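Could you fit the two chains together into a complex? Lean on the hints.
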Amino acid sequence: MSEYIVDVDKVTVRFNKASENIDNLKEYFVKLVKRELMFKEFLALKDVDLKIKPGEAWAIIGTNGSGKSTLLKVISRILKPYKGSVQVNGTVASLIELGAGIDPKLTARENIYLNGCILGYSKKFVAERFDEIVEFSELEDFLDTPVKNFSSGMKSRLGFSVATMVKPDILIVDEVLSVGDVLFRKKCMNKMNEMLADGTTLLFVSHNMETCKNMCDHALWLNKGEVVMSGEIEPIANEYMTTIEERKAKEKAAKKKKQKELEKKAKEIEEKKKKKKAEAE
Amino acid sequence: MTEERKHKFKEGSFLELLNYKDLLYQLVARDIKLKYRRSFLGYVWSVLNPLLIMIIMSIVFTMLFTKKTELFPIYLMCGRTVFEFIKTATDKALGAVTDNASLLKKTYVSKFMFPMSKITASMVDFVFSLGALVLLIIYYSFKYSRSLFSFWDLGIVIVIVEAYIFAMGLGFLLAALNVFFRDIKYIYHAITTMWVYCSAIFYNMGSFYDKGAKQIKEGTTPYALYLAKAIEYLNPAYIYIKQFRAFVWVPICGRKLEAWAFVDAKDFILGFAYAFLMFTIGVAVFRKSQDKFILYI
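Listed in order, the protein sequences are those of chains A and B.
Numbered according to the working numbering, the first sequence spans residues 68 to 348.
Numbered according to the working numbering, the second sequence spans residues 5 to 301.
Treat the hints as calculated values from the structure; they're not laboratory data.
You may find that some hints are simply not true.
[Stated by the list, open to error] Once the Cα atoms are required to be at most 35 Å apart in a straight line, the calculated DSBU-like pairs of lysine-lysine come out as: (1) A:215 - B:91; (2) B:91 - A:234; (3) A:118 - A:327; (4) A:291 - B:292; (5) B:14 - B:25; (6) A:107 - A:118; (7) A:84 - B:292; (8) B:25 - A:190; (9) A:234 - B:37; (10) A:315 - B:109.
The structure presented is a predicted model; accordingly, all values stated were derived computationally and were not measured.
One chain only, chain B, in its complex shape (with noise of 0.2 Å):
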């Protein structure tokens, strides 16, 4: 037999998809290709839009919250980006091994196939859309008429590897439990909308800080500080969101920004502990119930 098709890895590991790695580079290619072919406004349309929201909801919060945050639009921009990303990879992956079904009965492909190839497109788009944020850098830096980019800039990659690890884990996840129970969609569209109002996207930090501290004086419980502890401990949407921050929008503000603006070591643990923790689960989960896969599709 000719050479191709030795599999060097495992049939039903994660590292299987490695015997694939072609297939994954046409499916991510495909979702890419499709998104973009034929649509009048293109690659146009994928920076437009998290422009015009960016917009209106700098239009808004403005005005709305007295606590007001260094460069709103930038402010509001990455974290929208980040969370945004790892709610449509996700929310991509859930589905995956589901609307695959037609091809999963008739051929024998890694089942982690399907997940993997939606959060890397999810990814791709998500690089895409930093245009976004760049023009939008481009256009204070004009305001300003000094160059807001810096070399620290470049951290987002960090970010962005912590943030797709992450979203591999919960993603491989969902698309399992997706298979056996199919209203699992709907809790995790309420679980994701409750997520966006608790990781700070278009309110900051300093809120919680200053309350906690004000009922701290008055001798009440600071229910406030707990839960501004509570979100940056325990949310990793938050924790990538605030590092993403650190590498774009702390370096244009500088040293006048507040305490819970400046990440350290402690974050980025965090951040890879998260990571590596939900990729675990999601990858011991889809890989014990893939077998079973096939009589629930």
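Chain A on its own, in the form it takes in the complex (with noise of 0.2 Å):
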């Protein structure tokens, strides 16, 4: 074993960037005789690196669209990488997709079952963590309860409960994770930094600086599929910071330029008006 808990080395994701996707056998014939079976490539990842330490707790940051969730994909297993290698030494829980496999026609007790075995637990395993699930999602009285009547918020609960039943050695989160009311969010957070401070590896994924530097000591900084930054968060984060700034400036410029020509044009417009009333009266 490496002294790395997650090593992603050298990894490059490929998708196909195709104007039609051709998923079924006719399509295929035809574009294959009329010879317009294209592959347009894209890179959602280009070499990108990053080792991660036990313990450590990195922020990936990124506009919409640099590749955070492919990386995070790739880490989780569901993406296979085009080129390079991921190992990953330990157990991940994703805190990205709650209840992923939340079935609505089971009750909260079938489904606490039937989520902890997706997530690679048997089934004694859940049984004897069960309590403690049902304890901490407060969901003690709609235990027999079908999914489907659950509100959005009360799936959340359970998702998050069944996922964070362990203490993994790697927590992927979401900022925008929404679980529930204000004190549950409270809780979910406290439970959480209680896992961080046990040693538990970090990846978190957020548009707010502030937050990261609260919650991280490395960043991951992407743009298209590249790596821009890694390493200590501070700099990385003013960095991030100040080009973003000169972004929404320059934006802010451009609107004011095409705001000036808009109204210039409206003027003359009305000029026009002006003088074609003077030459008609």
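The following block contains the structure:
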């Protein structure tokens, strides 16, 4: 085992960006005959390196579409890299998509077992922690109600409780995680902080630099699938903020310019109208 | 870390399913439970349905065919239950990967799990539906006032194993193909319809052999004989049906049957060979293509 708990080595992820997705035989043969089968390459990640030691907390930052979620998917084994390799030496709990395996037709009790098994635990293991999970989710009174009758908050509570039933080695958290009411969110935050204090490695995705700085000690900045900066959080966060500010300023300037032009045009038109009126009179 | 989730088998392999055996149990139990929960007739329905179909088909076909089949209702029921199992199991497995797209996009689970759970649930269903056959044999036992059950009936376990392995292979193959080509479903439905007619479910092979003998006598090419041989050697569904009948229907009818009804070692060798061949192909195709699933679902 290497010294890293997560070792992402020169990972490239490739997608097909063809204008139409061919998903049936008929179309496939038509295109084949017409010689229109295309493959437009799109690299969601390009040679990304990320080496995390146990106990570190990493923030992954970048604008929308920069490849943050693709990276998380590669780490949680959902996507296979096109090139490069990923090694994860430990258990991963992903709090991005809570309750991915919840079946609305089953009751909460059945769903706890089903979800636990989807996460790779045995039935016995879930049974031992069943009371704990129920207590944390505060759903004691609804155990035998089909989940389709649950509110979305109740569903997320169920999902969160199952996902965090044991202390994972690696915790992946999306900032926009919204779990139920304020009180429950506080409870979740406490549980997460507890895990961090216990030495769990954290991967945190966020747009908010303040929370990032509070939670993490390292950062990886992605832009269009490429690593811009990687390392200690302070300089990266500052650099990121200035770039964002610059871009905002640029956008603002462009907007102002456009508005000025529009105003100018409007004035011209009005003047023309006035002239016409004057001529008519 | 806890001792849980130590992954004994390689990621992506078929045996990886064993890392998730509790999940398999959960998924199968879910399918069975949801099928029988809150439905008024519940289990009764899955027995009643084949019985009703049997009654209608028996009436129609005993009047239609000149070549008589001994105890036609039992003969028909044997063929239909086996074929229904292969059909529903593969049909459900076909959509298993695409139906679970949202789950596959969010968490990592052995992808073999989804077709496997559908096929296993169908297998359990198949065992349940044998209740209809039992009822039918009980009815005839009373009619002839002697027990028509025999220890031979236990042999169907062999048939179930063969058909289960075969259905897995075909199911994995179809599930993988369906990810890339969504119209496989329609093509497969057309094929199964054709398959029913090639599996000697409501007619018997005797008619082919009689016709073949007649053709030889007349000096023409015995096409009927060729057709019969093709069905007997190339159609795994018929091989399983034939074996099933050999264990249930043949012992009841006894020695008065014609030669086509009896099985020998060749049938079992062929049956297992087809099962393992299909299984190997299905697993290989599924394994090779599973990493690309995520890009197409």
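Hints, one by one, checked against the model:
no.: 1; hint: A:215 - B:91; result: 31 Å, holds
no.: 2; hint: B:91 - A:234; result: 44 Å, violated
no.: 3; hint: A:118 - A:327; result: 49 Å, violated
no.: 4; hint: A:291 - B:292; result: 30 Å, holds
no.: 5; hint: B:14 - B:25; result: 15 Å, holds
no.: 6; hint: A:107 - A:118; result: 30 Å, holds
no.: 7; hint: A:84 - B:292; result: 22 Å, holds
no.: 8; hint: B:25 - A:190; result: 9 Å, holds
no.: 9; hint: A:234 - B:37; result: 32 Å, holds
no.: 10; hint: A:315 - B:109; result: 34 Å, holds
In this structure, the earlier hints numbered 2 and 3 are contradicted, and the remaining ones agree with it.
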